[in-house]
Each structure stands twice: as C-alpha cells, then as structure tokens.
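Asks: As you go down the protein sequences, you meet chains A and B in turn. Using the working numbering, read the first sequence as starting at 180 and increasing by one per residue. Using the working numbering, read the second sequence as starting at 515 and increasing by one per residue.
Derived from the structure by calculation, the hints contain no laboratory data. No false leads were mixed into what you were given.
Facing chain A, from chain B, some residues (calculated, C-beta under 7 Å):
no., residue
1, Arg600
2, Leu721
3, Ala753
Keep in mind it's a predicted model, so treat the numbers as computed, not measured. Every residue, glycine too, gets a C-beta built ideally from N, C-alpha and C.
As a plain string of letters, each chain reads:
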Amino acid sequence: MSWLTSSAAFVYDFLADDGWEVLVGLVIVLPLVHFASEIADVWSGLVLIAGILLTVAVSLLRQLPRRPTRDA
Amino acid sequence: MTAVAFAVGASFLASCVEFVEAFTIILAVGITRSWKSSLLGAAAAAVLLAVIIAGFGLTLASTVPLPVLRGVVGTLVLVFGLKWMRKAILRFAGIKGLHDEEEIFAEETEALRNYGRAQAFDWVGFTVSLKSTLLEGLEVAFIVITFGLNSGDMSLPALGAAGAFVVVAITGFAVRKPLEQVPENTMKFVVGVMLSTFGTFWAGEGLGIEWPAADLSIVPLIAVYLLFSWLAVRRLAAARTARAQSQSSEVAAVA
Numbered sequence: 180m181s182w183l184t185s186s187a188a189f190v191y192d193f194l195a196d197d198g199w200e201v202l203v204g205l206v207i208v209l210p211l212v213h214f215a216s217e218i219a220d221v222w223s224g225l226v227l228i229a230g231i232l233l234t235v236a237v238s239l240l241r242q243l244p245r246r247p248t249r250d251a
Numbered sequence: 515m516t517a518v519a520f521a522v523g524a525s526f527l528a529s530c531v532e533f534v535e536a537f538t539i540i541l542a543v544g545i546t547r548s549w550k551s552s553l554l555g556a557a558a559a560a561v562l563l564a565v566i567i568a569g570f571g572l573t574l575a576s577t578v579p580l581p582v583l584r585g586v587v588g589t590l591v592l593v594f595g596l597k598w599m600r601k602a603i604l605r606f607a608g609i610k611g612l613h614d615e616e617e618i619f620a621e622e623t624e625a626l627r628n629y630g631r632a633q634a635f636d637w638v639g640f641t642v643s644l645k646s647t648l649l650e651g652l653e654v655a656f657i658v659i660t661f662g663l664n665s666g667d668m669s670l671p672a673l674g675a676a677g678a679f680v681v682v683a684i685t686g687f688a689v690r691k692p693l694e695q696v697p698e699n700t701m702k703f704v705v706g707v708m709l710s711t712f713g714t715f716w717a718g719e720g721l722g723i724e725w726p727a728a729d730l731s732i733v734p735l736i737a738v739y740l741l742f743s744w745l746a747v748r749r750l751a752a753a754r755t756a757r758a759q760s761q762s763s764e765v766a767a768v769a
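Please put together the full structure from these sequences, using the hints given.
Replies: The following block contains the structure:
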C-alpha cells in the first residue's frame with residue numbers, strides 16, 4: 180500500500196503547488212493539437228509549442244506578488 | 515562488406531540517438547531525485563522489454579501501438595518536466611524563494627519525522643525512469659527488427675545496437691560525477707527543460723505530428739524552452755522588483 184500513499188501524496192503536492200494550471204492548460208492544448216494535425220501537419224507542431232508556452236507563461240505570471248490596491 | 519557496414523553503422527547511429535535520450539533521463543532522475551529509484555526504474559524497464567521482445571519476437575513492430583505509447587509517455591513526462599522547469603524559473607527570478615517558507619518548513623518537519631525510519635522509496639523517479647527507458651528500448655528493438663528484416667540478418671543490427679549501448683553507457687557514467695557538482699536549482703532547471711523537450715516531442719508524435727528532421731527536432735525544441743525560460747526569468751525578476759519598489763514607496767508615503 181506504500182506506493183498508493185506515495186502516489187496520493189505526489190498528486191496532492193502537484194495540485195497544491197499550482198500544478199493544476201499546467202494540467203488544465205494541457206487538457207486544452209493537446210486536443211487542439213490533435214485537431215490541428217488532422218487539418219495541416221505543418222501547423223500542429225507550432226500549435227503544441229505555443230500552447231505549452233502559453234500555459235507555462237500564464238502559470239508563472241499568476242505567481243507574481245499582487246499589486247497593492249488603494250483600499251489595502 | 516558494404517551492406518554489413520551499413521547494417522551495423524545505421525543501427526549503431528539510430529540506436530545511439532535512442533540510448534542518449536534514455537540515459538539523459540536516467541541521469542537526470544538519478545542526480546536530482548534518487549539513483550536507486552532511477553536505476554531500478556531502468557532495470558525494471560529492461561526486464562519488461564526483454565519479456566515483451568521474447569513474447570512478440572519479430573512481430574513486435576506490427577503489434578505494439580507505438581504512437582499511443584509515445585502519446586501517453588510523452589504527456590506524462592511533459593507534465594513532470596513543466597512542473598520542474600516552472601519551479602526553477604520562479605526560483606531564478608526570486609519569486610519562489612520569497613514565498614517558500616511554508617514549503618521548506620513542511621519539508622524539514624517531514625524529514626525530521628522520517629528521521630531514523632527507512633528512507634521511503636522514490637516512486638516518481640522510478641516511474642519516470644521506467645517509462646522513458648521502456649519507450650526508448652522499444653524504439654531500439656524496432657530499429658533492430660527493421661534493419662534486420664531489410665538486410666536479412668538480425669545479428670548485424672543487434673551488434674550495432676549493443677555497441678551503441680556500451681558507448682552511451684560509458685559516456686553517461688563518465689559525465690555523472692561532473693554533473694553532480696552543478697548547483698541544485700540549475701540542475702533541476704536543466705532536467706525540467708530536458709523532460710519538457712522530450713515530453714513535447716513524444717506527445718507530439720503520439721498526437722500525429724510529423725516533426726521536421728525527426729529526432730533532430732529535439733535540438734530546436736531545447737533552444738525554444740531555454741529562450742522562453744531566459745525571457746521568463748528576466749521578465750518576472752523585473753516585475754517583482756518594480757512591485758517591491760512600488761510597495762515600499764507607498765509605505766514611505768503613508769509614513
């Protein structure tokens with residue numbers, strides 16, 4: 180059962196550490212790439228790379244310290 | 515004679531590419547996580563591979579759905595890689611270090627709690643190493659079978675693949691020590707970039723992408739991830755500094 184505990188701990192750590200943003204991004208990007216590869220093979224590689232980089236960029240920008248608001 | 519040299523040479527070169535990919539991940543997991551889990555993962559993959567080859571024989575190339583396997587393994591490796599790369603970028607930009615106290619505290623507490631107990635096995639490292647070695651090993655088997663069927667002699671391409679394994683293994687062993695001297699965050703960043711690159715490449719192949727220049731596409735993919743990371747670190751560090759200055763000037767204005 181130790182492998183089950185370790186797996187559960189890993190999934191928890193992954194999600195708790197904003198890993199869900201990467202997962203959500205990939206869930207959107209990968210089917211898009213599949214459709215793109217059906218239409219034009221040349222573009223599907225670019226769609227995959229652009230989608231992954233956009234996912235990571237959004238996830239990174241969300242980690243910036245928040246700007247102080249006037250009310251705060 | 516020319517045909518023999520071609521069968522051995524082509525199999526050697528093609529297998530070298532696959533073994534380098536597998537050894538890169540075995541080394542990366544060993545250095546950043548645990549050598550035990552990395553080597554056991556690779557050994558388990560070798561055993562599994564031997565069973566698969568013994569079971570399917572020459573029909574292996576037509577029975578195992580390699581694109582599906584590439585897609586699944588690639589996506590999983592990509593998820594691990596992006597997570598490591600993202601965390602390393604945040605640390606280089608000084609953001610992770612600022613907000614990491616709770617995580618460090620939790621890790622230290624856990625380490626103290628485990629003190630004296632047998633060290634837990636690293637299943638993440640084991641799984642990443644196993645998946646990657648199995649995938650690359652299957653690709654080497656496909657190479658040997660393809661060249662073997664074409665040349666009519668299975669032993670020549672097998673000899674080329676065995677030679678490639680020995681050369682890559684010796685090189686990997688030689689560079690292990692120097693790599694262990696690299697600072698932890700730099701190593702985790704490099705590993706993150708490598709896993710993201712291989713993950714992107716394999717996931718793309720699984721999704722039906724035919725990369726231009728085949729395996730050589732890995733090189734520009736690495737360049738794209740390195741460039742993106744460099745820009746991200748610069749941008750995030752600049753934004754963090756600007757916001758810190760803005761906060762301190764507002765505090766000064768209030769005082």
